[in-house]
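Here UniProt numbering is used: the first residue of the sequence shown is 1, the next is one more, and so on.
These are computed hints drawn from the structure, not numbers from a lab. Source: prediction; values computed, not measured. All residues carry an ideal CB built from backbone N, CA and C; glycine is no exception. Please note that a few of the clues may not be correct.
[To be verified] No farther apart than 20 angstroms at their CA atoms in a straight line, the calculated lysine to any residue pairs in the SDA-like style are these:
| # | residue 1 | residue 2 |
| --- | --- | --- |
| 1 | Lys125 | Gly154 |
| 2 | Lys9 | Lys125 |
| 3 | Lys175 | Ala217 |
| 4 | Lys125 | Pro221 |
| 5 | Lys9 | Ile39 |
[Claimed, not checked] Distance ranges between label pairs, derived from CB positions:
| # | residue 1 | residue 2 | range |
| --- | --- | --- | --- |
| 6 | Gly204 | Thr135 | 18 to 24 angstroms |
| 7 | Ile39 | Asp150 | 35 to 41 angstroms |
| 8 | Gly69 | Val187 | 25 to 31 angstroms |
| 9 | Asp180 | Arg113 | 17 to 23 angstroms |
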Amino acid sequence: MSLESVPPKYAQLVAELQRRIESGQYAPGSAMPSEHRLIEEFGVSRPTVVAALRVLRDQGWIDSRQGKGRFVRGRPALASLESARAGQVRMAGSEAAIAGEVLAAGVVDAPNRIRSLLDLGPSSKAFIRRRLLTTDGAPSELLSLWLPVDLAEGTDLTSAEPLQQGVREHLESRKGVKFDHVIEHIVARMPTSEEAAALSMSEGTPVLVVYATARDAAGQPLMVVDTVMPADLHELEDAYPLA
Numbered sequence: 001m002s003l004e005s006v007p008p009k010y011a012q013l014v015a016e017l018q019r020r021i022e023s024g025q026y027a028p029g030s031a032m033p034s035e036h037r038l039i040e041e042f043g044v045s046r047p048t049v050v051a052a053l054r055v056l057r058d059q060g061w062i063d064s065r066q067g068k069g070r071f072v073r074g075r076p077a078l079a080s081l082e083s084a085r086a087g088q089v090r091m092a093g094s095e096a097a098i099a100g101e102v103l104a105a106g107v108v109d110a111p112n113r114i115r116s117l118l119d120l121g122p123s124s125k126a127f128i129r130r131r132l133l134t135t136d137g138a139p140s141e142l143l144s145l146w147l148p149v150d151l152a153e154g155t156d157l158t159s160a161e162p163l164q165q166g167v168r169e170h171l172e173s174r175k176g177v178k179f180d181h182v183i184e185h186i187v188a189r190m191p192t193s194e195e196a197a198a199l200s201m202s203e204g205t206p207v208l209v210v211y212a213t214a215r216d217a218a219g220q221p222l223m224v225v226d227t228v229m230p231a232d233l234h235e236l237e238d239a240y241p242l243a
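The whole structure should be built from the sequences, with the hints applied where relevant.
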């Protein structure tokens with residue numbers, strides 16, 4: 001599921017680089033511009049460029065070759081049908097590339113749904129890192145990362161500063177875990193009073209909540225990304241091939 005709203009800067013950069021590859025400006029087999037050149041041309045930060053190039057690599061538009069740089073592969077066969085899922089975007093993107101502030105980072109009593117998604121026992125605690133994301137200076141999403149307490153220990157997720165890496169990359173490098181797949185659930189409900197206040201929502205407006213549970217290859221849940229969005233600002237879209 002992709003979330004239709006004003007995209008973060010790295011997503012805008014992804015779209016422009018895809019356009020250049022499709023138009024032939026960046027031909028298959030040619031070297032991609034360096035990070036420094038992209039930073040200068042687009043006036044963005046290095047984390048934004050790194051996040052965009054990571055998405056292009058993961059989607060099959062470019063290759064990374066050790067010691068040689070990044071090279072264009074071309075348009076993937078199913079590029080028109082495949083869009084970045086909400087959980088994938090939020091796990092891959094650097095926090096520094098998305099405007100927002102950290103509202104909470106610590107251990108709390110886990111809500112029933114989070115305990116269930118993380119396979120935690122009754123009355124278990126979990127680590128939460130919650131950020132309020134903004135678009136053009138206005139609140140747009142409440143994003144919460146939920147992890148088992150032991151998985152959060154020894155990471156930078158406890159810091160009030162924006163994470164420079166994507167959370168997936170950070171956890172894989174710090175904790176040695178390997179993310180394999182994501183299962184998403186989408187819920188429509190009325191916001192809590194805390195959510196409505198943080199998102200500056202008008203009375204009577206519902207929210208869309210996307211729960212993206214990241215698991216390893218054995219199916220063990222590693223993290224839940226909980227995204228709360230005002231329903232009047234977002235639209236859900238999916239695309240898939242027919243057999």
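Index of numbered hints that the structure contradicts, given in increasing order
Result: hints 2 and 8 break, sorted rising.
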